[in-house]
Amino acid sequence: MSWSAKQYVAFEDERTRPARDLLAAIPMTEVRSAVDIGCGPGNSTELLVERFTGATVRGLDSSADMIEAARKRLPQVQFDIADIDTWRDSGPFDVIFANAVLQWVPDHASLLPALVDKLAPGGSLAVQMPDNLGEPSHRLMREVAAAGPWAQKLAGAAGQRTEMADASGYYSILKACCTRVDVWRTTYHHPLAGGASGVVEWFKGSGLRPFLDPLDEAERAHYLKQYLAAIEQAYPALADGSVLLPFPRLFLVATR
223 MSWSAKQYVA FEDERTRPAR DLLAAIPMTE VRSAVDIGCG PGNSTELLVE RFTGATVRGL
283 DSSADMIEAA RKRLPQVQFD IADIDTWRDS GPFDVIFANA VLQWVPDHAS LLPALVDKLA
343 PGGSLAVQMP DNLGEPSHRL MREVAAAGPW AQKLAGAAGQ RTEMADASGY YSILKACCTR
403 VDVWRTTYHH PLAGGASGVV EWFKGSGLRP FLDPLDEAER AHYLKQYLAA IEQAYPALAD
463 GSVLLPFPRL FLVATR
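Residues in the sequence shown are numbered consecutively from 223, following this note's numbering.
For the record, the hints were derived by calculation from the structure and aren't laboratory data. Each hint should be verified, as a subset may be incorrect.
[Said to hold, decoys possible] Pairwise CB distance ranges, derived in the manner of DEER restraints:
1. Thr275 <-> Ala373: 48 to 54 Å
2. Arg242 <-> Ser312: 40 to 46 Å
3. Ser419 <-> Glu365: 14 to 20 Å
Keep in mind it's a predicted model, so treat the numbers as computed, not measured. Beta carbons: idealized from backbone N, C-alpha and C, even for Gly.
Assemble the whole structure, with the sequences as input and the hints as a guide.
Structure representation (structure tokens):
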């Protein structure tokens with residue numbers, strides 16, 4: 223699956239807000255080493271650098287385009303191309319930060335304890351994941367994919383997102399290997415200019431990637447036209463022409 227740093231940062235303020243909220247919940251104040259896994263274009267890594275002054279901060283991402291953007295943004299930080307599920311660095315880290323990335327990585331029941339194992343004693347794993355597979359935005363992605371001439375090409379698109387556990391499920395997974403676990407869910411309501419087209423542009427940088435990448439240019443344009451028409455019905459424009467996009471996210475902060 224390909225990622226575009228330019229498309230992703232089109233809504234940088236909105237995408238960075240959950241990272242700020244996640245960072246604020248980390249209890250540690252004396253941090254010597256922190257790593258941002260799935261760092262994207264470095265917007266979340268920049269928060270770690272600002273919060274933990276003096277710490278060694280690193281970032282990793284599977285996308286070369288994202289890593290290139292991150293290196294330009296923060297030339298003093300080490301960024302590496304790596305897949306989270308095959309990442310072998312044993313640390314130990316005081317903070318492992320995973321903002322809006324683990325929803326793309328499978329087997330959370332094994333992954334989360336493995337990440338905790340990379341923490342120093344007293345270290346924190348901080349995770350934020352979109353919890354929106356049941357929202358109209360994502361249901362309509364699947365419906366348009368299944369109903370169009372591209373149905374066979376997109377048969378596996380929905381499966382690229384990991385089915386998430388509920389809050390109690392994640393609490394149980396992490397409590398078995400951590401001294402403290404904090405879990406909460408927040409729904410942000412993002413005002414997007416441009417009405418339904420703003421919603422489409424938002425998800426072109428994230429959730430739509432698995433549905434668009436397998437298509438050729440003409441198919442992609444046709445898919446987006448149908449998706450936009452469906453989004454217009456699901457998210458009516460407000461009086462000023464904007465749309466208020468509800469976006470639920472699940473947060474986890476676990477201390478070893």
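Results of checking the hints against the structure:
1. For the pair Thr275 and Ala373, the supplied restraint of 48 to 54 Å holds, since their beta-carbon distance comes to about 52 Å.
2. Separated by about 29 Å at the C-beta atoms, Arg242 and Ser312 break the suggested range of 40 to 46 Å.
3. Evaluation of the 14 to 20 Å hint for Ser419 and Glu365 yields a pass: the beta carbon distance comes to about 19 Å.
Consistency with the previously given hints fails for number 2 only.
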